[in-house]
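A.B. asks: If you're matching them up, the sequences are chains A and B in order.
Read in order, the letters of the first sequence correspond to residues 48 to 138 in the working numbering.
Read in order, the letters of the second sequence correspond to residues 383 to 560 in the working numbering.
Since the hints were derived computationally from the structure, they do not count as laboratory data.
Incorrect hints may appear among the rest.
To be verified - Derived pair list, reagent style BS3-like, types lysine-lysine, alpha-carbon separation capped at 27 angstroms:
hint : chain 1 : residue 1 : chain 2 : residue 2
1    : B       : 444       : B       : 522
2    : B       : 522       : A       : 100
3    : A       : 100       : B       : 449
4    : B       : 444       : A       : 103
5    : B       : 400       : B       : 491
6    : B       : 478       : A       : 106
7    : B       : 400       : A       : 106
8    : B       : 444       : A       : 102
As the list claims (entries may be wrong) - Computed beta-carbon distance windows for the label pairs:
hint : chain 1 : residue 1 : chain 2 : residue 2 : range
9    : B       : 474       : A       : 91        : 54 to 60 angstroms
10   : B       : 502       : A       : 88        : 53 to 59 angstroms
11   : A       : 66        : B       : 452       : 51 to 57 angstroms
Ideal Cβ positions, reconstructed from N, Cα and C, are used throughout, including at glycine.
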Amino acid sequence: MKQTSIIVRIDDVVKKSLEKKAEKDGLKTSKVIRDLINDYISDNKDLTYIIDKDKKVVKTFIELNNVCSSIEDNHIRNEALRLLGVLQCLY
Amino acid sequence: MSLLIPIKRDYNNSYALKNLVLYGLDINKTKSHKVLLEGEFIGFGVNPYNAETIIESFNLTKRRYDKSDGKQVYHFVLSVYQQYDFGAEHRLDIAKTLIFDVGNYLLDKGFQNVGFIHNYFGNVHIHFVVNSVNAFTKLKLHNENSFYFELLGFLRENWNNLGFSISYNVDDLYGYYE
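Throw the hints in and build the complete structure from the sequences for me.
C.D. replies: Take a look at the structure:
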């Protein structure tokens, strides 16, 4: 898995309690924080959903563009593409 | 014979995409709002209603993936010419089929693109404008050279009769006349 870094700013009190917990468990403080974040994400599936949603939105727009462009009736195609253009601008 | 000509310019500023699309459509900047559709151009994964919707289709992908900075587009030209040539009309017919093959090939890889067929006094060529952000992988295209060589491989495999080669000299585009 690709790992990236992130800077987290926390209160002194929180930092001390995290250090205490790390000392108690014999772990590094960074490891404790990483576990906490991972637990939070696995408990809140909607977070990963937000990341996946971007891909789905873009793919769906591409498919919609292709489908609307292939409509044979000129009038209906123009109207579909115009409305899709408005939607694209709003998104 | 036929040439693949990558146009190696920066295309970094926000007007690059608009300028390229308007150049490809060969329309006045003030008329960009008019309905197109009837011209010799085809969009793959983009909305071809008018110039603005084409540009917006590219920008939507950039915005969703938060990659609006840096290089905006890639631009290359395919010049169509056969060894035993039957004139500009025949070359135009070839271009109309070629544009679908290349456009769909790029879209399958995840790159939205628009192809514009130009006929400059019998010199038939296709301008391709390709989004720098891949719509399927979120990644920006960085290795430009391997991208063009893969494309050249595809062209040689599927369009063997056109004898494609690569050239980085834009002047080569105007080497052939009827």
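A.B. asks: Measure nothing beyond the straight line between the CA atoms of residue 444 of chain B and residue 102 of chain A; if it is 27 angstroms or shorter, mark the hint as holding.
C.D. replies: Distance of about 11 angstroms is within 27 angstroms: holds.
A.B. asks: Holds or violated: residue 444 of chain B and residue 522 of chain B, Cα atoms, limit 27 angstroms.
C.D. replies: holds (10 angstroms)
A.B. asks: Compare the distance between the alpha carbons of residue 400 of chain B and residue 491 of chain B with 27 angstroms, and conclude whether the hinted pair is satisfied.
C.D. replies: holds (23 angstroms)
A.B. asks: Take a quick look at whether residue 100 of chain A and residue 449 of chain B sit within 27 angstroms of each other, Cα to Cα.
C.D. replies: Distance ~16 angstroms between residue 100 of chain A and residue 449 of chain B Cα, so the pair holds.
A.B. asks: Using the beta carbons of residue 474 of chain B and residue 91 of chain A, state whether their distance is inside 54 to 60 angstroms or not.
C.D. replies: The hinted range 54 to 60 angstroms holds for residue 474 of chain B and residue 91 of chain A, with Cβ atoms some 57 angstroms apart.
A.B. asks: Has the given pair, residue 400 of chain B with residue 106 of chain A, been kept, meaning a C-alpha gap of at most 27 angstroms?
C.D. replies: It holds: about 23 angstroms lies between the C-alpha atoms, which stays within 27 angstroms.
A.B. asks: What's the verdict on residue 444 of chain B and residue 103 of chain A, does the C-alpha distance respect the 27 angstroms limit or exceed it?
C.D. replies: holds (14 angstroms)
A.B. asks: How does the Cβ-Cβ distance of residue 502 of chain B and residue 88 of chain A compare with 53 to 59 angstroms: does it lie in that range?
C.D. replies: holds (56 angstroms)
A.B. asks: Residue 522 of chain B and residue 100 of chain A were given as a pair; does the straight-line alpha-carbon distance stay at or below 27 angstroms?
C.D. replies: holds (19 angstroms)
A.B. asks: Hey, residue 478 of chain B versus residue 106 of chain A, does the alpha-carbon distance stay inside 27 angstroms?
C.D. replies: The hint holds at about 26 angstroms.
A.B. asks: Looking only at beta-carbon atoms, does the pair residue 66 of chain A, residue 452 of chain B fall within the given range of 51 to 57 angstroms?
C.D. replies: violated (41 angstroms)
Consistency with the previously given hints fails for number 11 only.
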